[in-house]
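2 protein chains.
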Amino acid sequence: IASPSSADLKLQFAPFSSALEAGFWHQLTQKKLNDYRLDESPKCIKGYYYNGDPVGLPTRLNLEFSAFDVDGPTPARCSPAVGTLYNTNTLDSFKIIDKKALLEKEAREIWDSIQSGAAWKDPSTLCRFILLTFADLKKYHFYYWFCFPALCFPEGIKIVQPPSLLEQIFSAKQIAALQEAYDSLCMKRGTTALPYFLMKYTDDTVEFTGCLSHTRTHSLTMNLLVLLANQWGSKVDTVEVLCFRDRTLQGSRSIQHSIMFQVKLPELPNNSVCPKSVGWEKNKKGAMGPRMVNLSECMDPKRLAASSVDLNLKLMRWRLVPSLDLDKVVSTKCLLLGAGTLGCNVARTLMGWGVRHITFVDNAKISYSNPVRQPLYEFEDCLGGGKSKAMAAVDRLTKIFPGVNAEGYNMSIPMPGHPVNFSQATLSQAQKDVEQLEKLISEHDVVFLLMDTRESRWLPTVIAASKRKLVVNAALGFDTFVVMRHGLKKPPVSQSVSTGADSSPSSPGSSLFSNIPGHKLGCYFCNDVVAPGDSTRDRTLDQQCTVSRPGLAMIAGALAVEMMVSILQHSEGGYAVASSSEDRMNEPPTSLGLVPHQIRGFLSRFDNVLPASLAFDKCTACSPIVLDHYEREGFSFLSKVFNSSHSFLEDLTGLTLLHQETQAAELSCSCCKRGWRS
Amino acid sequence: IASPSSADLKLQFAPFSSALEAGFWHQLTQKKLNDYRLDESPKCIKGYYYNGDPVGLPTRLNLEFSAFDVDGPTPARCSPAVGTLYNTNTLDSFKIIDKKALLEKEAREIWDSIQSGAAWKDPSTLCRFILLTFADLKKYHFYYWFCFPALCFPEGIKIVQPPSLLEQIFSAKQIAALQEAYDSLCMKRGTTALPYFLMKYTDDTVEFTGCLSHTRTHSLTMNLLVLLANQWGSKVDTVEVLCFRDRTLQGSRSIQHSIMFQVKLPELPNNSVCPKSVGWEKNKKGAMGPRMVNLSECMDPKRLAASSVDLNLKLMRWRLVPSLDLDKVVSTKCLLLGAGTLGCNVARTLMGWGVRHITFVDNAKISYSNPVRQPLYEFEDCLGGGKSKAMAAVDRLTKIFPGVNAEGYNMSIPMPGHPVNFSQATLSQAQKDVEQLEKLISEHDVVFLLMDTRESRWLPTVIAASKRKLVVNAALGFDTFVVMRHGLKKPPVSQSVSTGADSSPSSPGSSLFSNIPGHKLGCYFCNDVVAPGDSTRDRTLDQQCTVSRPGLAMIAGALAVEMMVSILQHSEGGYAVASSSEDRMNEPPTSLGLVPHQIRGFLSRFDNVLPASLAFDKCTACSPIVLDHYEREGFSFLSKVFNSSHSFLEDLTGLTLLHQETQAAELSCSCCKRGWRS
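As they're listed, the protein sequences go chains A and B. All the letters of the first sequence, read from the start, carry residue numbers 1 to 678 under the numbering used here. All the letters of the second sequence, read from the start, carry residue numbers 1 to 678 under the numbering used here.
Chain A extracted, bound-state conformation:
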């Protein structure tokens, strides 16, 4: 505050101090991410100040989370101040923005409101501020510079009567009268604080003659004096200023420590020219410059992590893909069958997309060769026989991002050709496993098939087809991979087999088709003319799927998730028509691009092709007759499949007959998936 000690002294003003709370920055972050994005245009915000602070504290203009709600309430006994927020997109814009111009613009508006008389009617226009910010949301560093514009009299303001405490000037009676008048005016106005008022006083009474006056000797007073000079310049020479302080000291109210002084109202040089102005706040070193607050350390780290993760995603929408529906992706519940090389990479990519609900199913333990290729495991996880993959994967996701909602199921998936009828115990375990898998598939939106055998994909393919869940399937060869979505059957309209069937005829040997809608697309087994069976029995080590070029699983895992996201962004989801390689030059169906049926990759050629193929009416997994048997007979049908050889499903679907009719050529492939065509 001003501390003039002699009559010759000029009035000096203590500038407003900015007090920006963490809540303000948090709210700014949200606004930036969700509303402003790249919009740098000025925004209206609201702060408040309080005249009840103890002696010694600077006059603070507070900005908290409520600052962005300009029409919202002001805290009790505080006065509002409306300001302009300039939030820049880059630190560089923040640095090079023309601060002088911003100040002059604001000062001009104050001056104009004074000139026009608007400020006399509503002096709140005198109390405006500027806040220039740059929010580095990657580091949670917030750069800011605060400005409270104050118009200046060229010669300063001469003090006629130096400041004194009110109790030294007013009698106790006068003080009581002031307090009573203040309170009744507040009540009349329905407020708890008056930012400005005009008053007359006698020895006994205090009368408020207007709303104008102010509460502390801060920069605002300068604008008030300019207003008064402009208003009264010719009529009034000296004004008495009351800096009203409304404190509570040791439980009782006190306005005695308000300050009064008299100044000579200076002449304004020229009515039409805006006076000079000052107002940019000094930084903590006392120099003219911006301040920076680093909130990365004081915010709740887990919340910080959550909002940081969202940031990268939201950034995509700002300019690159404004139509991206992130919620659709983030809220998708993903079931990962297999937590090996593919499962780990799929989970990592899902995390990158902000997917929160991830469930693993695997029955394997982590072995020493896993960590270098399965990016959720470490050496420690292999000790003592190895942790369960499903459980360890959950632990790792939580370590990566504590906000994830991950679950693990250490369980087997029953498979065709792997009998379960050794004993009552094995049979009832298989039944439990089937029920658990059915429950899990029901509870999730997308099922990822990421196992290393062909036959383990059969049961989830059947269940997911029956439950109309989107299936994304990935399988590896040595340097080739397939990533595909299964056809998503239309919702069942009746229980009869014929309506569930795709009426269009198809054959297993058919090659690429165009414009196949999602519900007519094939599944993983549609291209095969042999039912799944125990494929691990006769495989040598190098025929197991884990023998692949190390980069392959990362590529296939990433593509499986990117394919899922593309499907989710399509208005028809899993029913979207399949894009093929020929569509690459056409207008893409989603903002993210194509929605293929299959991506078949060839690492040796660094090439991908996008075949699409129809569902096969004799498919051993998704054909109407298989789904019908499953839906009607449940586990008793499934156990027949588990306990039987290939021929059971082949007889059922009519493949046996087809075999007899056609000489189906066995196509060789290094992958366990037989009959894989490129």
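Since the hints were derived computationally from the structure, they do not count as laboratory data. Check each hint, because a few of them may be wrong.
One copy or two, either will do: identical chains are not told apart, so a pair holds if it fits within one copy or between any two.
To be verified - In silico DSBU-like pairs for lysine-lysine, Cα to Cα no more than 35 Å straight-line:
(1) K276 - K365
(2) K399 - K138
(3) K121 - K139
(4) K282 - K387
(5) K95 - K365
(6) K105 - K264
(7) K333 - K365
(8) K387 - K302
(9) K139 - K439
(10) K328 - K31
Keeping the supplied structure of chain A fixed, place chain B upon it in accordance with the hints.
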């Protein structure tokens, strides 16, 4: 051992017990991985047995690491036994292999050697064994079944004189004479044990009349008796058998506990027909069946991890890519400039390929948004302001695979347009950074450029070009990426500028070329008509390279490493002619496929193209004039580049002139890499 108690009893034989030591399995693992691979043909191995064990221990046939060295030494006082190893490729082959046939085959050979008289000359042919194994090298489970073939007399062998300890039959004098005769025969033969001998004895003397006899009443004795019956059948009715035991008891030698008995030598039924045989060992439960030993828990975990990691790699060679030179890959020293999204994924893929020497350079700290996209970091790494990425990446690699040789450098890379001349301190820091980078590039074989700005790639591009190091560069857009190798300049033949230059003229706007040899290929900057400068100054958040589809970095990181491996497998390495998209249908130049110059990927179309382009003689990074200035002036040249704007390099290389002559179209791209053409 046999324990007949009456003269009517038949001789019974204690079978050999197999004693397979961890060293044997370890050596089998190595043989399987490096020599046998998928070869299932029978292998000759050597075990040994010892006749000095204390009473109560079974007669063991020991197999240890030395078993595969058939011509190697046998431990002192032990006798060798040669056998046949059948190591199968699958557990299923192990189970279904015809054990009866294996036994009969071996028995027939023994019989034949008896019939032919060969066994009389060299009775070691009587002492043969079979070992059937399956090594599950993923789990370190070893399945085995041991067989010591013994020919049988149909009616058994009648005991004439039941077994007694030698000391009950021989006088002390006779025992001393036997010991002396035994030792002198050993000495004469240059050995420490005699597996078989024939002896005559009187009350005073023991005379060895041949090498035939045996040391314990085990299965081998059966074959010996068949041999004797065949040899002496018509002449001799009863033989006395000495089971020679050569123990050391409480420090002094003792052969007193050898056993003697007499048997009636049975008649052989028919000279020409091989007798029946027995010999498959019972398992620990006493049933006929294989045994399994789980070594995953008792082996040194870190060594286990190391050999497990190698396994997947070696598996590739067995059938898929026999010509793969793994050592070239594994021994490559990789320098990763940037430990962010790309750096983490590149490091993970390198680990998958078994690369052991990985060095990170990064000056950033881990922020909360990193772990979900940068797969070497976790939430914990972000706390307290964040760990250094380079250091944390090293820690993580060590946690994944303790055998890795990783180092981290938390340092900045000076950049064009980022002045370093603020003070003597900043200048000397920059000089230190340059020297450190030069040292690191010298010490490594491949330099990966994985930063998120264009200009940070300039200095390493110049240094690596000058030092003729292979550079693999990866950069991300929102849904596009480029992975490329820089042209590898030919070794300098003189210091003159002209010889270092590629003489063929080229222009920056040129499109794809065919058959460009590696030394004429362009670098990252060759396609650009603007020198690198401070590109971060005016970028909004969404223009920073980290805003990309989450799967993109995994794909690009994986491809960068797979490209490196393909280059390393090419006989000409970095000088290999660049494969292009058109080469996809041709015979690939390496066993792993193509060796492109660039892979440009488009995630929205799930497509990659493989452009190749010539080095540009006005390139701001790899052109002869830039390299010449760098090599002659060193840091003083570099600091000029750091401190200057674009125009310095553009003036130097002649780009400025080119600008004036041609209206170079600025091509827009979402990536920070300007002028990126697809």
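Here is what the structure says about each hint:
1. K276 - K365: Cα proximity of K276 and K365: none, with 76 Å in one copy and 45 Å across.
2. K399 - K138: both (20 Å within a copy, 27 Å between copies)
3. K121 - K139: neither (45 Å within a copy, 86 Å between copies)
4. K282 - K387: between (58 Å within a copy, 33 Å between copies)
5. K95 - K365: between (55 Å within a copy, 24 Å between copies)
6. K105 - K264: The answer is within: 28 Å in one copy meets 35 Å, while 126 Å across copies does not.
7. K333 - K365: both (24 Å within a copy, 32 Å between copies)
8. K387 - K302: both (26 Å within a copy, 16 Å between copies)
9. K139 - K439: between (42 Å within a copy, 32 Å between copies)
10. K328 - K31: Classified as within: same-chain Cα gap 21 Å, cross-chain 53 Å, threshold 35 Å.
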